[in-house]
Amino acid sequence: MSILQKISLLILAATVFGASAAAAADPAAEIREILHAQQRAWNRGDIDGFMNGYARSRSTIFVSEDTVTRGWQTVRDRYKKKYSDREKMGTLTFSDLEITPLGSNAAIVVGRWQLKRKIDKPHGRFTLVFRRLAEGWRIVHDHTSAAK
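Counting from 22, one number per residue, gives the positions in the sequence shown under my numbering.
Rather than coming from a laboratory, the hints here were simulated on the basis of the structure.
Treat the hints with care, since some could be wrong.
[Unchecked claim] Keeping only pairs whose Cα atoms sit at most 35 Å apart, straight-line, the calculated DSBU-like set for lysine-lysine is:
hint : residue 1 : residue 2
1    : K109      : K142
2    : K169      : K137
3    : K101      : K139
4    : K102      : K139
5    : K109      : K139
6    : K103      : K142
7    : K102      : K137
8    : K137      : K109
9    : K169      : K101
10   : K142      : K101
11   : K169      : K102
12   : K137      : K101
[Unchecked claim] Pair by pair, the computed Cβ-Cβ distance ranges are:
hint : residue 1 : residue 2 : range
13   : I140      : T165      : 15 to 25 Å
14   : E86       : K142      : 14 to 24 Å
15   : D141      : R99       : 13 to 23 Å
16   : H164      : R53       : 11 to 21 Å
17   : G124      : K102      : 11 to 21 Å
18   : K139      : E86       : 17 to 27 Å
19   : D47       : E108      : 36 to 46 Å
20   : K139      : K102      : 16 to 26 Å
Cβ atoms here follow ideal geometry from the backbone N, Cα and C, with glycine treated the same way.
Produce the entire structure from the sequences given, and follow the hints as far as they go.
Take a look at the structure:
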C-alpha cells in the first residue's frame with residue numbers, strides 16, 4: 022500500500038469516526054430516538070418498553086389535567102390501568118417535536134401526541150424535561166394535556 026493510499030485511508034477513517042462521534046453526541050438526535058422507541062413500544066402494546074424512556078426514579082413526575090403522579094412505578098401503574106388492552110392503547114403518533122437543549126445534561130421537548138383507536142382519536146400536547154443520566158437521556162418530568 023502506497024503512502025498516498027495510507028493517508029487516504031486515514032482521512033476516510035477520521036471522517037467516519039468523527040461523524041459517528043458527532044451524531045452520538047447530538048442530544049436532540051438521541052432524544053428523538055428515545056421518543057421514536059417509545060412510540061414503537063406503545064404500538065406493539067408494550068407499556069414496559071414505553072416506560073424505558075422515563076427515569077426509573079421516585080422523583081419522576083407525570084402531570085395530566087389536575088393530577089400529579091410521582092415516581093416511575095406509579096406512572097407505570099397509571100399507564101397499565103388506563104391503557105389495559107390494545108384497543109384502549111390504539112396507535113400512538115408523536116409529531117411537531119421541538120427539542121431544546123438546556124446545557125449538556127438537560128433538554129425540554131414540546132410536541133403533539135395522537136392516539137388512533139376504533140372509537141375515537143384523542144390528541145393533545147406535551148412538554149417533557151429530559152435529563153442525561155448514567156443510562157442515557159430519560160424523561161424526568163412529563164406534562165401531557167388532551168385537547169377538548
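Each hint tested on the structure:
This hinted pair checks out: K109 and K142 have alpha carbons roughly 11 Å apart, not beyond 35 Å. The hinted pair formed by K169 and K137 meets the criterion: a straight-line CA distance of about 16 Å does not exceed 35 Å. Of the supplied pair hints, the one linking K101 and K139 holds, its CA atoms being roughly 19 Å apart against a limit of 35 Å. Taking the CA atoms of K102 and K139, the gap is near 19 Å; set against the 35 Å cutoff, the hint holds.
This hinted pair checks out: K109 and K139 have alpha carbons roughly 9 Å apart, not beyond 35 Å. Taking the CA atoms of K103 and K142, the gap is about 16 Å. The hint holds against a cut of 35 Å. Restraint check: the Cα-Cα separation between K102 and K137 comes to about 19 Å, which is no more than 35 Å; the hinted pair holds. At most 35 Å may separate the alpha-carbon atoms for a hinted pair to count; K137 and K109 meet this at roughly 10 Å.
Annotation: proposed proximity of K169 to K101 holds, straight-line Cα distance about 23 Å (limit 35 Å). For the proposed pair K142 and K101, the alpha carbon gap of about 19 Å is at most 35 Å, so the pair holds. Of the supplied pair hints, the one linking K169 and K102 holds, its CA atoms being roughly 22 Å apart against a limit of 35 Å. Taken as a hint, the K137 and K101 pair is honoured in the structure, with Cα atoms around 18 Å apart against an allowance of 35 Å.
For the pair I140 and T165, the beta carbons lie near 20 Å from each other, so the given range of 15 to 25 Å is met. Hint check: E86 to K142, Cβ distance near 19 Å, so the stated range 14 to 24 Å holds. At about 20 Å, the beta-carbon gap between D141 and R99 stays in the expected band of 13 to 23 Å. For H164 and R53, the hinted distance range of 11 to 21 Å is satisfied, since their beta carbons lie about 19 Å from each other.
For the hinted restraint 11 to 21 Å between G124 and K102, the CB-CB distance of approximately 36 Å leaves it violated. At roughly 24 Å, the beta-carbon separation of K139 and E86 lies within the given 17 to 27 Å, and the hint holds. Restraint check, D47 to E108: a C-beta distance of roughly 37 Å satisfies the suggested window 36 to 46 Å. In this structure the supplied range 16 to 26 Å holds for K139 paired with K102, their Cβ-Cβ distance being about 20 Å.
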